[in-house]
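Make a model of the complete structure from these sequences and hints.
Note that the protein sequences, when read in sequence, are chains A and B. Residue 287 in UniProt numbering sits at position 287 of the first sequence, and the numbers go up by one each step. Residue 471 in UniProt numbering sits at position 471 of the second sequence, and the numbers go up by one each step.
Worth flagging that the hints you see were computed from the coordinates, not collected in a lab. Watch out, some of these pointers could steer you wrong.
[Claimed, not checked] Cβ-to-Cβ under 7 angstroms is the rule here; a few derived chain A residues that face chain B: (1) Asp63; (2) Arg65; (3) Glu219; (4) His234; (5) Ile285.
Virtual Cβ for every residue (Gly too), placed ideally from N, Cα, C.
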Amino acid sequence: MNTEAATAAKAPDRRDDGSRGRGRLPSQRREGFVLFLSIVPLLVLVFLFSYFPLYGWIYSLFDYRPARGLSGSEFVGLQWFTMLVSSPTQVDQIVQVMLNTLAMSFLGIAASVLPLAFAVFLNEIRATWFKNLIQTLTTLPNFISWVLVYMIAFSMFSTTGMVNGLLESIGLISEPLKFLDSDEHVWLKMALWGVWKTLGWGAILYLAAIAGIDQSLYESAKVDGAGRFSTMWHITVPQLMPTYFVLLMLAIANILNNGMEQYYVFQNAFNKDTIQVLDLYVYNIGMTGNNLSLATAISMLKSVISVVLLLSVNALSKRVRGTSLI
Amino acid sequence: MLSDVRRRSLLTGGAVLTLSGLGLSACSGSNSGPGDGPAEPFPTAWDDALTADVFDGLANQMGEQPGWFGKLVTDRFNLTLNVIAPNVAGGGDTLYNTRVSAGDLGDIVLTDQGQKLTELVEGGLLMDISSWYEHMESSARFDAAVQKVNEGLDGIYAIPTQVSTLKPSEPSEGIDPTFGPFVRWDVYGKVGYPEIGTLEDLLPVLKQMQDAEPTAANGKRTYALSLFADWDGNYMNNAKQPCCYYGYDEVGFVLAKADGSDFQSILDPGSLYVRVLKWFFEANQLGILDPESTTQNYDTLFSKMQAGQVLFSFWPWQGQAAFNTEANMAEGKGFMIAPLADQKIFSYGASVYGGKQVFGVGSNAEDPARGAAFIDWLYSSEGVYANSSQTMGAAGPQGLTWELNADGKPELTDFGRQVLLGEGGNVPEEWGGGSYIDGTSWLNVTTVIGNDEDPETGFPFNYKMWETYQATAANPLTEDWAGRMGGHATTMEYLQANDMLAVGAGASYVAPEDSSEISTIRNQVKAVIVESSWKMAFAKDQAEFDALLAEMQSTADGLGYQQVLEVDMANAKDQDALRKEVVAEFG
Numbered sequence: 001m002n003t004e005a006a007t008a009a010k011a012p013d014r015r016d017d018g019s020r021g022r023g024r025l026p027s028q029r030r031e032g033f034v035l036f037l038s039i040v041p042l043l044v045l046v047f048l049f050s051y052f053p054l055y056g057w058i059y060s061l062f063d064y065r066p067a068r069g070l071s072g073s074e075f076v077g078l079q080w081f082t083m084l085v086s087s088p089t090q091v092d093q094i095v096q097v098m099l100n101t102l103a104m105s106f107l108g109i110a111a112s113v114l115p116l117a118f119a120v121f122l123n124e125i126r127a128t129w130f131k132n133l134i135q136t137l138t139t140l141p142n143f144i145s146w147v148l149v150y151m152i153a154f155s156m157f158s159t160t161g162m163v164n165g166l167l168e169s170i171g172l173i174s175e176p177l178k179f180l181d182s183d184e185h186v187w188l189k190m191a192l193w194g195v196w197k198t199l200g201w202g203a204i205l206y207l208a209a210i211a212g213i214d215q216s217l218y219e220s221a222k223v224d225g226a227g228r229f230s231t232m233w234h235i236t237v238p239q240l241m242p243t244y245f246v247l248l249m250l251a252i253a254n255i256l257n258n259g260m261e262q263y264y265v266f267q268n269a270f271n272k273d274t275i276q277v278l279d280l281y282v283y284n285i286g287m288t289g290n291n292l293s294l295a296t297a298i299s300m301l302k303s304v305i306s307v308v309l310l311l312s313v314n315a316l317s318k319r320v321r322g323t324s325l326i
Numbered sequence: 001m002l003s004d005v006r007r008r009s010l011l012t013g014g015a016v017l018t019l020s021g022l023g024l025s026a027c028s029g030s031n032s033g034p035g036d037g038p039a040e041p042f043p044t045a046w047d048d049a050l051t052a053d054v055f056d057g058l059a060n061q062m063g064e065q066p067g068w069f070g071k072l073v074t075d076r077f078n079l080t081l082n083v084i085a086p087n088v089a090g091g092g093d094t095l096y097n098t099r100v101s102a103g104d105l106g107d108i109v110l111t112d113q114g115q116k117l118t119e120l121v122e123g124g125l126l127m128d129i130s131s132w133y134e135h136m137e138s139s140a141r142f143d144a145a146v147q148k149v150n151e152g153l154d155g156i157y158a159i160p161t162q163v164s165t166l167k168p169s170e171p172s173e174g175i176d177p178t179f180g181p182f183v184r185w186d187v188y189g190k191v192g193y194p195e196i197g198t199l200e201d202l203l204p205v206l207k208q209m210q211d212a213e214p215t216a217a218n219g220k221r222t223y224a225l226s227l228f229a230d231w232d233g234n235y236m237n238n239a240k241q242p243c244c245y246y247g248y249d250e251v252g253f254v255l256a257k258a259d260g261s262d263f264q265s266i267l268d269p270g271s272l273y274v275r276v277l278k279w280f281f282e283a284n285q286l287g288i289l290d291p292e293s294t295t296q297n298y299d300t301l302f303s304k305m306q307a308g309q310v311l312f313s314f315w316p317w318q319g320q321a322a323f324n325t326e327a328n329m330a331e332g333k334g335f336m337i338a339p340l341a342d343q344k345i346f347s348y349g350a351s352v353y354g355g356k357q358v359f360g361v362g363s364n365a366e367d368p369a370r371g372a373a374f375i376d377w378l379y380s381s382e383g384v385y386a387n388s389s390q391t392m393g394a395a396g397p398q399g400l401t402w403e404l405n406a407d408g409k410p411e412l413t414d415f416g417r418q419v420l421l422g423e424g425g426n427v428p429e430e431w432g433g434g435s436y437i438d439g440t441s442w443l444n445v446t447t448v449i450g451n452d453e454d455p456e457t458g459f460p461f462n463y464k465m466w467e468t469y470q471a472t473a474a475n476p477l478t479e480d481w482a483g484r485m486g487g488h489a490t491t492m493e494y495l496q497a498n499d500m501l502a503v504g505a506g507a508s509y510v511a512p513e514d515s516s517e518i519s520t521i522r523n524q525v526k527a528v529i530v531e532s533s534w535k536m537a538f539a540k541d542q543a544e545f546d547a548l549l550a551e552m553q554s555t556a557d558g559l560g561y562q563q564v565l566e567v568d569m570a571n572a573k574d575q576d577a578l579r580k581e582v583v584a585e586f587g
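What follows is the structure, given as structure tokens:
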């Protein structure tokens, strides 16, 4: 933000320079052109990766068969879109999927204060070796793929897994508890797995931000008689807020992209109703079901909802903070 | 007579040799206009080493074919098979679509007839091999099937698999059908061989069996029934199997009886499928259904069976492969069929026109002539013995696992007995080394069915049907079983003698392509059916079971189940008509 402000401040100066001597206009133009050239590669990338793929939306209007190619496939107009809303059951399915997506995204967002709190507390640990150990241990899960996380989950929580075995052997339960194959608290369980996997990694940014806090703030607070908890609460947390809000904003923009690997590996017949998020639904229906056109249509739905969400968050931000995001 | 046959094949071999000597320069590397004029015969030796991508919809392993089969193919064709297996890659048709979009499926392609074949031919992904076909003498033995598969196509694009010269009304399976209520016979004996009237009567018997053998040899708990989810398709796969005990097989969402006398919608409250779900539910109530069923896959289940932790198998080829080792059978232990009094087990008739899968040569194949020659070899006696060693019980390569004895009859060698029936073993170095099992063909497809007669020996390819095998195969397990089954030597004999077999004539019916809309609805509906079926099997009580059933029916209907059912019902009736037609024509 600082750099933005700086460039904004400099820009008028330059324009003033230019208007003073008309003879330097060509060179100024050349300079502008060079500057333009320097962003061209980025523009090309943006075009290639953000706009060119939109061409693929055309597939949603065809009955696309890969072997025949687009030209050999039948044009079906809006058939796939009408199909999505063709009966109450179809609508129910989409609604349930959207509900799962939003619920799990919001749980994820709600859980985003945890890395912040974790970083704040971790920072208070005096013994460096212990602090490093904790940080390493909590960061590691981030590098484990979801498939392996599921293996861990399976060996611990399956009906003959470690937890059930332990509970049974000490006589607490007689029938194994169904942790994985039930539809109870699926959203919460998934959010917890997410937290377990990303807690340490998410804290890294905050730890970096904490390191950047001016030490004189703490010193003067101590002089004024502040204890550890009051410095945490009145100095560390407020200082981290800008970082937190930026990350929160990014998370909201990504609300529908809450991934599918996690849900893909954890899904089974018993939790499918509540675990199926939009991306997974697209995958289950479109990719495994061999209907790429319908998959395109559903993922377009996703883009539309994303844009709507972004605009509404933007409006909210304008009203609350007085600045717009885009 | 036998020597006649052999002499003739020697002569043809000689003829091929001479002919190929004339034109060694077969169009290797060229893929232009194979359709113009006859191609030159295949050479006997191929100079340059080649690795061919084999896109194989049935393969369960991916990568370069290792072991003795790999060596055999390399020796013959200087060819290394690089198997590309969508089953391994996962994600349904994703890999197929990706490769098809890229315009190159593979050098050799194993795909389904019907929709996929038509689509690949129209899309120009398969090559017309008609000019080589005249040199493909082994597959030309089944010319009627080849012509039938390529009907309506402009040329020869596909060679059908699972072909046979048997009658369509004869079972295509070997000594065991594909389906059947197979139980751990030793444990069944422990509870006194109780008679079983119908499917529901099996449950108390299984309960007794589980009580009689509460733990396996490894100390783990046994369960009478254990299920797995990774083969679920149109329905919960396991729940379909007992439907086959009453002569039904699936055509989409329809259960069609082999003789065409009944067609059921699976969601009908009175359907066999719902009956089986109820059966699972009751098994779970009795505590004989493995609670891990919901999360385990086939491999986990299979290793449980090997360890003796499961007492029932839906299929002979599963339970027996896992547990009926020579050591176990010598102790009288193993899976054998415990007949239900009212069973009528579905059996696939030998299909005159071949099975669902077909071989083709990719249009971008590096050396299509060699591809065609290789495919043809898979239909030769040598190819069938070697390639179907895993899938259809063919004996393996002559000279390694079997040989002709003094009477000119095929007989397993000691090594053959060891690797096919016993604990397995390593192949001698000159055959490529490595373990026998690891070196079997990864193609996982049957070209000529195992029951079919090898024209070179006059005996079936399947060693279990050889007199020499049956004479030595008796063991305490089979003796005990045969003693209680009226002296019948094999399951198939018993079923045929007691009229307990329903053969669905081998008509090679392939359902026409679903419209995209139907296929999408089908995908949505089947997800609902599979999901609900599992929940029903593990429902807490009858009320929950009924509620789930009602919910499944209404959700499926809401998604458009009836539309798909109409299509499937029409297909099932077409299949039946075709079955009656081939029976009338071929007997």
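Evaluated hints:
no.	hint	verdict
1	Asp63	4 angstroms, holds
2	Arg65	6 angstroms, holds
3	Glu219	56 angstroms, violated
4	His234	49 angstroms, violated
5	Ile285	6 angstroms, holds
When the structure is compared with the earlier hints, violations turn up for hints 3, 4 and for no others.
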